[in-house]
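Chains W and P supply the protein sequences, listed in that same order.
For the first sequence, our numbering gives the first residue as 365, with consecutive numbering after it.
For the second sequence, our numbering gives the first residue as 18, with consecutive numbering after it.
Don't read these hints as lab results, they were simulated from the structure.
Errors might be hidden in some of the hints.
[Unchecked claim] What the simulated footprint calls covered on chain W by chain P, stretch by stretch (three residues with Cβ under 8 Å from a Cβ of chain P suffice, anywhere in the stretch; the number is not a length): (1) 475-482; (2) 622-629.
[Said to hold, decoys possible] With a straight-line cut-off of 25 Å between C-alpha atoms, the simulated DMTMM-like cross-links for lysine to aspartate or glutamate are: (3) P/LYS273 x W/ASP611; (4) P/LYS278 x W/ASP506; (5) P/LYS273 x P/ASP232; (6) P/LYS139 x P/ASP192; (7) P/LYS273 x W/ASP506.
Backbone N, C-alpha and C define an ideal beta-carbon position, used for all residues, glycine too.
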Amino acid sequence: MTALSDVSTHAMASARWRISEVAFWVLALACAFLFPSRYLIMTDIVRLGLFALSLDLILGYAGIVSLGHAAFFGVGAYSAGLLALHGIITEPVIALVAAGLVAAVLGFLTSFLVIRGVDLTRLMVTLGIALLLEALAERFSDITGGTDGLQGIEMQPILGLFAFDMYGKTGLFYSLIVLFILFLLARRVVHSPFGLSLRAIRNNPLRAAAIGVPVNRRLIAIYTLAAFYAGIAGALFTQTTALASLDVFSFERSADLMLVLVIGGTGYLYGGLIGAVVFKMLQEFFQSITPQYWLFWIGLVLVVIVMVGRARIHRWVLFVPNLIIRQFAGRKAVVAAPESDVS
Amino acid sequence: MASILTNLFDGVAYGMLLFVLACGLAVTLGLMNFVNLAHGAFAMAGGYICAVLVNNSGWPFFLALPLAFVGSAAIGIALERTLYRHLYARSHLDQVLFSIGLVFMSVAAVDYIMGSSRVFIKLPAELEGQIDLFGVGIGRYRLMIVVICGLLTLALQLILAKTRFGSRLRAAVDDPRAAIGLGINVPQVFAFTFAFGCGLAGLGGALSAEILGLDPYFPLKFMIYFLIVVTVGGSSSITGPFLASLLLGIADVAGKYYVPKVGPFVIYTVMIVILLWRPNGLFGRTAAR
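Start from the sequences and build out the full structure, keeping to the hints where you can.
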């Protein structure tokens, strides 16, 4: 009895909104108003953040290592593109949800393949699925436009009110709102008993099964949800850039995504968002130094992160934000302390 | 009929090449349980070493091949000693991230040094053209590959099964702790094996420049093929990956020739099905490590 109430108090306490979290979102909104010339890159960051959030749900919370998360991103992107191109669903928000659902269906179907086997099998299967979809998209070029991609997508105004403008203002606020809503949902999910059971599975599937957690069903559920998120991120990509090409499925996209999440830290929801900001800034920085060879530096960052140790890096990344938060809210308020990592 | 046999032969040559490229990975990934996605980078290094020696320095092709092996092995052992060995005990996620980072670095570095276009290695005249064997056209270059790779496979099998080093390696892999207790220098055995695998990959890279094409994106393009060979072939012996490479090579060549539109599709599907049907590989042990 007491144990049960302990668990629920603990869960409720950790689910309470902290000042630092509010500050984070206020800051995000402020950035959107403060830098009108940077709409496009900020939209990019928001999209990447959503995509990383999706990977965090399965990697950070459920411990599934995926090398092919771009599969769902790509399916979402192409669904949104095709829906708009053929005028099936012209309203962007409904099309967005529809594209997310298509990705979720794919996620549900492939989850049965992914939950079998150990890490290595999962890596191969997820990678294989993404490559398979890329090959399929190339094969059915009459539908997908092949290597040229989908061309001539025209987006209708959101809710019939807000038209996409060429500076990307509508796109940014649209993406930001979508991200915030989905973030709230994800926050609710990971702080629920369902989310706790996922963490139990990540830490030790055998033990989780022994205390009565239906391991496979939970994994299928979270994998489907993550696919839905990734699909939405992909659909946002198509809707805000009005293009979808084969590279949405590419391995580099999945690999970059891992880097994003690793920079920010796995296993807490802000990891993907912070990682997206840092990653994009790093990318911009490297691209401004060496437009052609920035991949080298990105690779070096990955190697260094792993060699130094991910946990240590997170402490450094979070050092400055935590310092600021402490100034304002006293010593005990810590903006984000990543949980123990997947091992 | 003749074209079928020619294709079959091409497939066998391709498969053997894949085996030489991937068998180092069979040891690191399959036996040492280290997810090394950067294996293709060592192959690429060998290929470029050979290309530079032959094209720029005018070395004969057959003399450059051993140097490709030695060069890649040297790079391999340097990286093993400085970086890889710290990661043997880490999580698979760390290993994946690290090796992806290495791949990215190698791609950009080679692009920077050698340029992004495809590199061809000048072949000696006696390797060009075809010979006619009972009405079946057989490429000389491919014949050489089959001979070299066949000999290598035999040698590997003998080393693993008959020599003292082979039994040390098998012991170190089966149970590192017990092996250390018996006085086997396990880190040294692993380092040597890793370097040897990298060297083989380098040799494979040099041989494959003609067939697979050599450009900076080589490690990314063929990563999945190496992984397929190892995961499908399993890791209990050298025969598993060997048969898997042959299957993959023949299927890929036949797929590209007869059903060009669905070729890659078939291979990925077969891989996923096999992995689900037998997670430890077609010829793998049943006990999961």
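Evaluation of the provided hints:
no. : hint                : result
1   : 475-482             : holds (count 4)
2   : 622-629             : holds (count 3)
3   : P/LYS273 x W/ASP611 : holds (22 Å)
4   : P/LYS278 x W/ASP506 : holds (13 Å)
5   : P/LYS273 x P/ASP232 : holds (21 Å)
6   : P/LYS139 x P/ASP192 : violated (46 Å)
7   : P/LYS273 x W/ASP506 : holds (20 Å)
This entry does not satisfy hint 6, going by the numbered hints stated previously; all others are met.
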